[in-house]
Amino acid sequence: MLPAEAVSQINNTLEKYPDSRSALLPALYIAQRHVGHLPLDALHAVATLLDLPDAHVRGVASFHVMFRDSPGGRHLVQLCTNVSCMLAASSGLLDVLKEHFGLRPGATSPDNRFTLLEGECIGECEKVPAMLVDSDVHTGLTAESIIEILARYE
Amino acid sequence: MSKLIDRIIPDPVRCITGISAYEAEGGFRALKKAARAGPDFVIEEIVRAGLRGRGGAGFPTGRKWAAVAEDTATPKYIICNADEGEPGTFKDRLILEKNPFLLIEGMALAAFTVKAGVGYIYLRGEYPALFHLLEDVIAQCRKKGYIGPDFMGTGADLELYVHRGAGAYICGEETAMIESLEGKRGQPRSRPPYTVNYGYMGKPTLASNVETFANVPIILNIGAESYSKIGSPESPGPKLFSVSGDVVRPGVYELPMGVPLSEIIYEHCGGIKGGRALKAVIPGGVSTAVLRSDDLACRMDFTSKCEGSMGIIGSGAVIVFDEETCMVHTAYRIAKFFAHESCGKCTPCREGTDWIRAILLRMEQGLGVEDDIRLLREVCGNIAGNSFCALGDSAAISTIGFLDKFGDEFEAHIKGKTCPFGGPV
Amino acid sequence: MNNMNNMKNMITLTINGKKFEVKGPVKVLEAALQNNIHIPTMCYYPKIESFGGCRMCLVRVEGMYRLQASCSLNAEDGMVVETETPEIHVARKAMLEFMLINHPLDCPTCDKAGECDLQDFSVLYGAAEGRFHERKRTEPESTKDPLIVRNMERCIMCTKCTRVCAELQGASAINVIGRGKHTSIEPFSGSKFDCEYCGACIIACPVGSLMSKLHRHNYRPWDTGEQFDSTCSYCGVGCGIHMQIREDGTLQRLIPAESEVNQGLLCARGFFGYEYISSPSRLTSPLIRKDGKLVPVSWQEALKYVASRLKEIRDASGGKSLAALASPKCTIEDNYLLQKLMRAGLGSNNIDSSARMGLAGLRRIVGGLLGHARTVSYVSEMAQSDAVLTVCSDPVTEAPVLGVRVRNAYDSGAAVITFGHAPGLRHHRSVTMQPRLKEQWHVLGALLSAVLEIKKPSGSREMMQELLGTLMLPTPEDMDDAMPREVVRKVAETLATSANVSLVAGRELACSLAGPWSIMVFAALAHVLEAKVYLISEGPNEHGLLDMGCEPDMLPGPAPMTDAGARRMIEGLWDARLPSEKEKGLSLMEIFEAAGAGDVKGLYVMGENPARSLPDSGFVTDALAKLDLLVVQDIFMTETAELAHVVLPAKTWIERKGTYINMERRLLGIDAGVGAEGKEDWSILSELCEALGLKAGYKRSDDVFSEVMKVSPYYCELHASNIRGETCKWPAEGGDGHEAILDLKALRPYLDIPPVVEGDGFDIVLEKPLFLNGTTALHSDALLRISKEPLARMNTALADSYKIRPGDTLRFFSERGEIEIKAHIDPYLPDNTVYLTDTQESAGILKYFRYNKMPFTNAPCKYTQKTGLKRGE
Ligand SMILES: Cc1cc2nc3c(=O)[nH]c(=O)nc-3n(C[C@H](O)[C@H](O)[C@H](O)COP(=O)(O)O)c2cc1C
Ligand code: SF4
Ligand code: SF4
Ligand code: SF4
Ligand code: FES
Ligand code: FES
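Chains as they are written, first to last, in the numbering used here: chain A, 4 to 157; chain B, 72 to 496; chain C, 734 to 1606.
The shape of chain A in the complex, shown without the other chains (with noise of 0.2 Å):
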């Protein structure tokens, strides 16, 4: 079950649509905003608030890459490998965070500090090699400055 404070949000939002099934996104955004990732469980509270089928809201909650079926780290780091930043050699940056912190593509490292996901393009081309964590965008990035940045996410 969800948090109250997380039921009042997404009560919130519905206000915004014409229909409830519009704020699924919204809504499975606060949702694992609150609980740190989607489990069944919390899919069948967002599926029952919105008074939509809960095979509906799995199926759309699993098409998307920012919603998490898995707990993970307490950090998710995404870090672009796409074209513009792969030019700036950021498959290096990966070799960097395997050394320094166990962080494999795909995977949460063992202080279940961050999970490492190889991400698309984020739209930061020009400041390249360019990292989400969490929702701070960071870019520019270097063997040092990788490191030192993810120093500041405990």
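Rather than coming from a laboratory, the hints here were simulated on the basis of the structure.
Note that the structure is a prediction, hence the values are computed from the model and not measured.
Covered by chain C, per the in silico footprint, the following chain B stretches (three or more residues, Cβ under 8 Å):
no., stretch
1, 409-415
2, 444-457
Here are the simulated lysine-lysine pairs, DSBU-like style, with alpha carbons at most 30 Å apart:
no., chain 1, residue 1, chain 2, residue 2
3, B, Lys255, C, Lys780
4, B, Lys255, C, Lys877
5, B, Lys274, A, Lys19
6, C, Lys869, B, Lys255
7, C, Lys914, B, Lys255
8, A, Lys19, C, Lys1223
9, B, Lys274, C, Lys780
10, B, Lys274, C, Lys1223
11, A, Lys19, B, Lys169
12, C, Lys869, B, Lys488
13, B, Lys215, A, Lys19
14, A, Lys19, B, Lys214
15, B, Lys186, A, Lys19
16, C, Lys925, B, Lys255
17, B, Lys255, A, Lys19
18, B, Lys274, C, Lys756
19, A, Lys130, B, Lys169
20, C, Lys1317, C, Lys1443
21, C, Lys1521, C, Lys1501
22, B, Lys214, B, Lys103
23, C, Lys1223, B, Lys186
24, C, Lys914, B, Lys488
25, A, Lys19, B, Lys103
26, B, Lys486, C, Lys869
27, B, Lys344, A, Lys101
28, B, Lys344, A, Lys130
29, A, Lys101, B, Lys488
30, C, Lys914, A, Lys101
If you anchor each label on the Cβ, the simulated ranges turn out as follows:
no., chain 1, residue 1, chain 2, residue 2, range
31, A, His37, B, Pro331, 50 to 56 Å
32, C, Asn749, B, Glu206, 55 to 61 Å
33, C, Lys1536, A, Glu102, 54 to 60 Å
34, A, Asp72, C, Lys1603, 39 to 45 Å
35, C, Glu817, B, Glu441, 31 to 37 Å
36, A, Ala146, B, Gly487, 28 to 34 Å
37, C, Lys1603, A, Asp44, 25 to 31 Å
38, B, Gly456, C, Asp853, 23 to 29 Å
39, A, Arg77, C, Asp927, 31 to 37 Å
40, A, Ala146, B, Leu438, 27 to 33 Å
Where is the CB? At the ideal position from N, CA and C, for every residue including glycine.
Once you have looked at the hints, place chains B and C with the ligands on chain A.
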């Protein structure tokens, strides 16, 4: 005289995020003008200006607005496509960061013109900071009566909301975006019916790109006449180019339509980094076919074509590669993107894009076989023209482009059983 | 706008060089199909929205720059289409190659082989060359669900399954999970389906990805022998079913038929609920109680014994001391003969059935007031309604395919108003009105007043004019506390302003504590709204049984007991005497009351299990135990049969021929697909009739039907058309029928607003389970495996007030006993109401209730005086 009235991004450094600054520099003049002159005038001006959609397809914007305005069904909606997911594209982000009120003014003009009461900005999930910025900007506009009930005494109403996507490139495709906004899996719809008649909630809907909306106040400010004289005659107006890759000064450049590719790269962006030579350019986002250095005379607009390629301007994302880049690897990385982003609705794209990816990966790893190039061409040929939406086509166009222009590099990978560039850059 | 052409009705287009005219709007694929041009498809499915994903149906349209998916393209005037060019073949072959690259080559072990579209098309277009050198997708077959095997390696992602589940069945239980290449079809849980198990997805799947576990790996499609058409006997809808029989004569499976009634739909009971026919607890031999034990005897001995005992009781105590229960599960022929045996053979009018709890009273009052033609409507036409009002009925469980049609109506824009509890329509309702039980019928009355404020009744039916002039109604203001007047007025407005309104009611209305008044309110609503009426019959042949005179005061025909002409005709035909018309027969509960008092000494029960299915089943069981003779004719050793002196094994609907009348009053046939031990009910009865000195001599059930046609003017008309039901539509298509027997005078005492029964504490509402709706279901392994745990559901406030947490074991008390059941909390349920699922064990939850006989109809209305609740350990 401020630059605000005739430029999309008047100042590449400053962010105009306070409404008084925007007003002071001439903001909302277009809206006031429209309120006096009426909806028909707005549509006429857009048509006369020759504005074409900046989302990639270049559809004549005036026709779209007119179609929604004419439809008698109610309610109507406007949606701003701010999903900007085409790799290498970041110009919409710049508009939203630097001059967000211009978009709101464009959307208010649209609401007034087509009589839509509610609008959504479908914002990329990867732009979280902009979500809050836009909510704030909307609140400022509402407070000042530029939107809201009976905004500016026009009798029209507009409530604007920001809707965050959640990481799916296909949701930038207009009909998939509408499905997604409706809380469904973001898969494209069959057309007809078209969005203008049957869009969000099955109602007439105007869906346009951020940059397209942002052009409308400029048209009204400087007049259709002068606007149509900017850039190419068939696709006039200013255009934002997102330039990235191996150039000295990557960034967004606001230039007239039809500017030659070479001018963008060498004059505006300072040429290739480190004095190296240019090997290849993707002219309009990864959905467009790659070009070689001898294609640089191409003019960047919706009608000009380069030899052997379809449209080149796409989203206006110019990605520049220097001589040290492996084209097989680049083709692979792009194929991987398409395979990752295929929505899975149609057979050729769902199965084919991943097949392309797998073959290219093998090649890049030196495991390619003699027949792979022919196979790759056939697989691409089987996708192109048969997929449900343009994503599948794009994946094929991209791969075929690399094979056409850099076939020798592919052969070298197969023959040498290794990457001559030493694997990933 | 862009397709004004489609607005025009007739479209001329050229396909493969020939000109065709088709009615629009229509897709190119369908236009071709109508003209016998077959375009291959994988994701196209009639009756649901086109999808356009598989790309098999690509065609070339002149003037369009790429191949077009004909399933999603509207045919337009002047279109020139090619469907079979070399270019198209290349494309289709390519699509097949794409489908096959991740498809395992396991046809030899796949149950679908032989009826697989992918296999067939691969043969047609040439198999792929196998130039895919990458690793195929691997995902182990999931057998975690009790009934549906899910094999995602074979899936070609046509999404027909998810679309039929959402768009046709309205269950939305499965969905595409993931994106792109990493998609699979999954139920919400990822393992068990926990769905409505209608089987639609299994039928829709073109490959071997979704298969029924019931016949897994034990047949090949090419082993199928004969096929028979029949009618499902699980409820009153009467869905058409194909029985596929194996070459060895055993049942392979049942599949939905494209009959006018169900048009390809079935529910879980129809699709999965057939294993009971081979249940080990089937009765095989007649049994007689000797020294307290039921022991097998020969048919001859059993029938001789029954006949002589019946005769003895009749001769000693008179016909009045004998009674019978007819069965809506049995055919017209069976019920006709049971009634003949009772009346002519034993001189008793004491015959009734479980229809007493619902249809008998509803049909009599609603039909009597509105005319019988108005009491039935087509199940399929429900989907075209503009507004639907369900009155204390959940059609999704009571008449599942009708329920699905309500969902379809909702999806096409109808306003669906659920009055009372209807959990099956949870995602398909516009408004729900759930007043407390004690006031719910008064609120319905207030709704009628609100409708009357807006809409004046038209039509000249005198009886209705008189009724509306005299029926007392509360106003929405009077009922404000029970249901806000705005809600009542809003709903009234919706109903009054909709063109095509449908009303649904079933047993809850028939057993209303507010008496016949509620039924009159319902009939008046139907009249004022000019609504289509759907009266749910829970058995497959309730109408047929009533038509056969299996009511204490009716003769077959049906004709009233007092109809002198009918009596003369029947007595002549039977060459026997009917009991005197003054002999008032006993109704359902009166039979047990009389048995308890010793006035009824012998009871003949055909295909009913009163010890389980009637309220106050403890009392019913005691009464049964007091009988001198209890004969039970059934297919199982039911709770009732356990108490019998004689048990006679009968055959199921899959093993025999006969006819039913469904809730549309359509004549439907059943057919013998497989053989079985036991005798058909009618033939047992025929032998008993003869033993009791009646002329019988029926050789086949058709012979009985021929006699029915002589007795009943309707059946003569009905039978004129064929039994498979394409044209048997009386009375749904008009005509007042032959049975306007209602005298409004008899209803006069009930025109006043009934008093509100005051009670404290919470209300108890029964939730009928979808899967286990009776004895046959309880012997179907598949249905048992999917049945949900019984629950006591309540909202948070009620749970808090009793300090109940989810999962607690609760004990509910009434003056009749107590029941243990698990608690479930759902914040969206209304206040002060506990929703109890029927627990099914021993005599089920009904034993916890007492009953009142409703005046006029004698329907037993459940109630309890005390309700208590405790938390268990
Ligand atoms: C796969 C795919 C992705 C797209 N992504 C975007 C996008 O991110 N932003 C955008 O404005 N248009 C995108 N488009 C184009 C839209 O479908 C649509 O043409 C555009 O939003 C129309 O706006 P316009 O008329 O202003 O150009 C995409 C199209 C496809 C096929
Ligand atoms: S081409 Fe097909 S699978 Fe690919 S994104 Fe479009 S609809 Fe989805
Ligand atoms: S059996 Fe019926 S309810 Fe269950 S998943 Fe299949 S279609 Fe849906
Ligand atoms: S399971 Fe069957 S019906 Fe469903 S998508 Fe796969 S192939 Fe199609
Ligand atoms: S390619 Fe990395 S941010 Fe665009
Ligand atoms: S049948 Fe037309 S695309 Fe599948």
